[in-house]
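Participant: Kindly produce the complete structure, drawing on both the sequences and the hints.
Chains A and B, in that order, are what the protein sequence lines are. With my numbering, the residue at position 259 of the first sequence is 259, and numbering never jumps. With my numbering, the residue at position 187 of the second sequence is 187, and numbering never jumps.
It should be emphasised that the hints constitute simulated quantities derived from the structure, not laboratory data. Errors might be hidden in some of the hints.
[Stated by the list, open to error] Dumping the calculated EDC-like pairs for lysine to aspartate or glutamate here, alpha-carbon to alpha-carbon at most 16 Å:
| no. | chain 1 | residue 1 | chain 2 | residue 2 |
| --- | --- | --- | --- | --- |
| 1 | B | Lys329 | A | Glu52 |
| 2 | A | Lys22 | A | Asp32 |
| 3 | A | Lys27 | B | Glu31 |
| 4 | B | Lys34 | B | Asp19 |
| 5 | B | Lys16 | A | Asp17 |
| 6 | A | Lys54 | A | Asp115 |
| 7 | B | Lys329 | B | Glu307 |
| 8 | A | Lys22 | A | Glu40 |
| 9 | A | Lys74 | B | Glu307 |
| 10 | B | Lys329 | A | Asp115 |
| 11 | B | Lys278 | A | Glu42 |
| 12 | A | Lys37 | B | Asp19 |
| 13 | A | Lys54 | A | Asp109 |
| 14 | A | Lys333 | A | Glu278 |
| 15 | A | Lys222 | A | Asp145 |
| 16 | A | Lys222 | A | Glu303 |
| 17 | A | Lys22 | A | Glu52 |
| 18 | A | Lys27 | B | Glu30 |
| 19 | A | Lys276 | A | Asp221 |
| 20 | A | Lys337 | A | Glu303 |
| 21 | A | Lys22 | A | Glu39 |
| 22 | A | Lys37 | B | Asp10 |
| 23 | A | Lys227 | A | Glu40 |
| 24 | B | Lys278 | A | Glu52 |
| 25 | A | Lys22 | B | Glu31 |
| 26 | A | Lys110 | A | Asp32 |
What you are looking at is a predicted structure, and each value in this text was computed from that prediction instead of being measured.
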Amino acid sequence: MGNRDILLYFTGTPIMDIQTFKQLHRKGLISDNSLQKVEELEKGRLFSLHWELKTLLYLGVTLLSGGLGILVYKNIDTIGHQAILAFIAVVCIGCFYYCRRKAAPFSADKVLPPDTFFDYILLLGCLTLITFIAYLQYAYVVFGDHYGLATCIPMVILFISAYSFDHLGVLSLAITNLAAWMGIAVTPMRILKENSFVDTRIIYTGLALGTILSLAALASDKRNFKKHFAFTYNNFSTHILFISGLSGLFLHQPFYILWLLPLLGIAYYVYRQAMKKESFYFLLLVTIYLYVGLSYVVISILERLDRFGMGSIYLGFLYFILSAIALVRLLIKLNHKMKPHDSL
Amino acid sequence: MIAYNRTSLDNMIIRKQADEAFGAGCISPEENTKIGVNYPVYFYTPNIFICIGLFLLTTVIVAFSLGLLFLIGAGGINSVIFLLIFSALVCYGALEYTVHKRRHFRSGVDYALLWMSAGLLFTGLYLTVNNMSTTSQCIIIFTISLLFTLRFINHIMALVAYMALLAFIFNISAEPGGTTRLITPFILMTVSVACWFLCFRFYIHENFRHYRQCLNVLKVSALISFYLAGNYFVVRELSNYMFGSFQHVGERISLGWLFWILTVATPVLYISQGIWKKDHIFLWVGLLLMAATVFTVRHYYSVLPAEWAMMFGGIGIIAIAYGLIRYLKIPRYGLTSQENNNKHLLEKFQIESLVIAETFAVPAAAPAPANDFQFGGGSGGGGGAGGQY
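Facilitator: Given below as structure tokens:
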């Protein structure tokens with residue numbers, strides 16, 4: 001029983017307890033046949049080392065590549081760039097060759113990987129590809145000042161690989177590369193760290209990128225072409241759109257109120273999508289991003305009313321308390337609306 | 001003793017299992033709905049994302065209410081203490097209200113109120129005494145967290161209680177000048193073993209079934225604290241720090257051999273126990289502590305340069321893992337390398353793709369600053385790549 005419950009604890013997946021089902025059977029809630037099935041399944045259940053072994057494998061790969069990296073770094077003078085480039089190229093070509101041979105034929109639906117290692121090898125191939133091009137540029141400045149070309153080539157290859165081998169991780173890499181190509185380095189965490197958003201042009205680029213990605217999500221959903229990619233597209237697009245919208249609000253000082261309109265538009269669109277797909281995750285995103293925007297507006301209005309002195313500070317506190325209470329009620333209500341059976 | 005409705009707690013477990021059986025195709029949809037009707041759960045437990053939102057918002061509410069109260073009412077230290085304890089009690093009242101009347105169960109609201117009320121209560125009590133001793137702090141934390149654990153079956157509270165207990169014992173036995181100073185590691189190890197056996201006993205006991213999650217957390221902590229109490233590095237550095245008996249790197253500590261044996265043998269024991277008893281807790285803790293042992297050994301005896309050690313270690317681990325995955329493809333000794341549960345949480349939320357983008361984004365982002373330059377016309381904002389290449 002011990003490991004059963006720990007699985008419940010760590011993975012949120014409960015596993016069946018025979019006593020419970022016997023009790024259910026006694027009450028006449030499940031048939032003999034069903035009880036028998038449960039018992040059979042439980043008797044045949046093995047102790048799975050799947051995640052442990054996979055973690056070990058991952059750890060081993062990380063250690064090995066880290067060690068190799070340090071070794072190369074320390075001996076760069078004796079090895080030379082060409083040898084390293086050749087090595088990276090060989091690894092990359094080897095990985096893609098393996099994937100090409102193993103991969104199932106293309107389909108517009110979800111394709112399962114042929115074996116455990118396939119996903120990792122494809123990922124390694126894509127990463128070495130990016131490394132190869134970046135290294136080429138660093139060591140020999142092959143692309144000169146045509147940085148657009150340098151990011152465009154891996155992007156195209158990554159998109160092709162993501163679609164033909166059906167890999168969500170590679171798709172994320174490709175989207176990141178697309179963003180780099182369009183002028184921003186995006187992944188959710190880095191977006192705030194690496195882009196200062198001082199220049200407003202980047203905001204428009206962000207809005208454009210977000211729109212493109214959400215269109216891509218819409219297209220893959222509507223056309224039924226790699227439908228499961230829609231989440232990744234939507235995820236990137238929502239974050240990028242909201243962060244761009246919020247930065248627009250923060251940076252356009254005199255007319256910042258005008259930026260509330262696109263922000264509301266984005267929020268409405270994402271909200272509709274979230275309700276349609278019954279996604280709590282996007283619902284939460286809408287709530288949080290919109291709350292940040294609204295609070296910013298309220299606070300800056302209160303700031304202008306500073307002739308009230310302490311009064312506006314009290315008002316600010318009251319605003320946060322009351323708005324948060326309202327939002328709690330709203331979230332509970334929305335949750336209710338989305339899944340009537342999910343709660344009371 | 002438990003604030004939540006016990007029947008609903010029981011029914012929830014039954015329904016989860018029924019869902020699992022339904023997912024595995026063992027029971028029919030009709031049977032599943034029939035079970036749902038017969039075992040109703042009157043809890044408000046929203047989706048995890050809503051839960052996060054509710055948690056954050058409740059924290060905002062409490063924090064700003066507290067701020068407003070302080071703004072209006074705070075004068076001297078006494079009024080601060082009064083306000084803190086008063087708001088702790090208000091939070092507790094709100095917690096009981098949401099749990100009883102609104103039937104919240106792990107909804108985020110109850111989490112937030114639980115931690116706020118415990119934290120405020122401790123801060124209030126802490127300020128009542130000037131320079132409270134560490135021992136009394138431990139006693140207060142232990143009491144508060146134990147009571148909250150018992151009433152609200154929160155596993156992190158249980159962890160806090162256990163840590164407070166350990167800190168209390170450590171402080172008592174390692175008191176300067178005390179006779180028990182030198183055997184502190186052994187006292188802590190005894191406590192860990194006792195805690196583990198106690199949890200083991202309680203776990204099987206039907207009356208404590210609602211606390212199983214807490215007990216699991218305690219079991220893990222007991223295993224880890226047993227290892228740490230006997231770990232050579234911890235014992236040596238902590239005794240240097242506590243007793244000021246400064247030793248150079250080469251010097252040994254008394255009974256050093258014993259601690260070395262403990263450091264190396266404990267993870268091995270855990271892993272073998274995990275495989276033998278088919279217990280994931282032992283296995284995971286053992287694997288984790290194995291890494292700690294490697295770091296401990298390398299701290300005192302660096303056999304190889306780091307990069308070679310990493311490479312050989314990596315190759316070794318890959319070989320072992322790959323070999324075992326292949327070997328256990330066909331189940332042997334009741335073990336398998338195949339996946340057991342098809343609905344893994346991580347895959348469900350498709351987090352993997354995000355993690356990958358997060359981990360490996362630097363190479364992809366590397367050419368970015370150039371682009372910023374092109375587009376932005378020298379904004380200076382394109383921090384882009386940390387110049388890795």
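Participant: Hint numbers the structure violates, sorted upward?
Facilitator: 7, 13, 15, 16, 17, 20, 22, 23, 26
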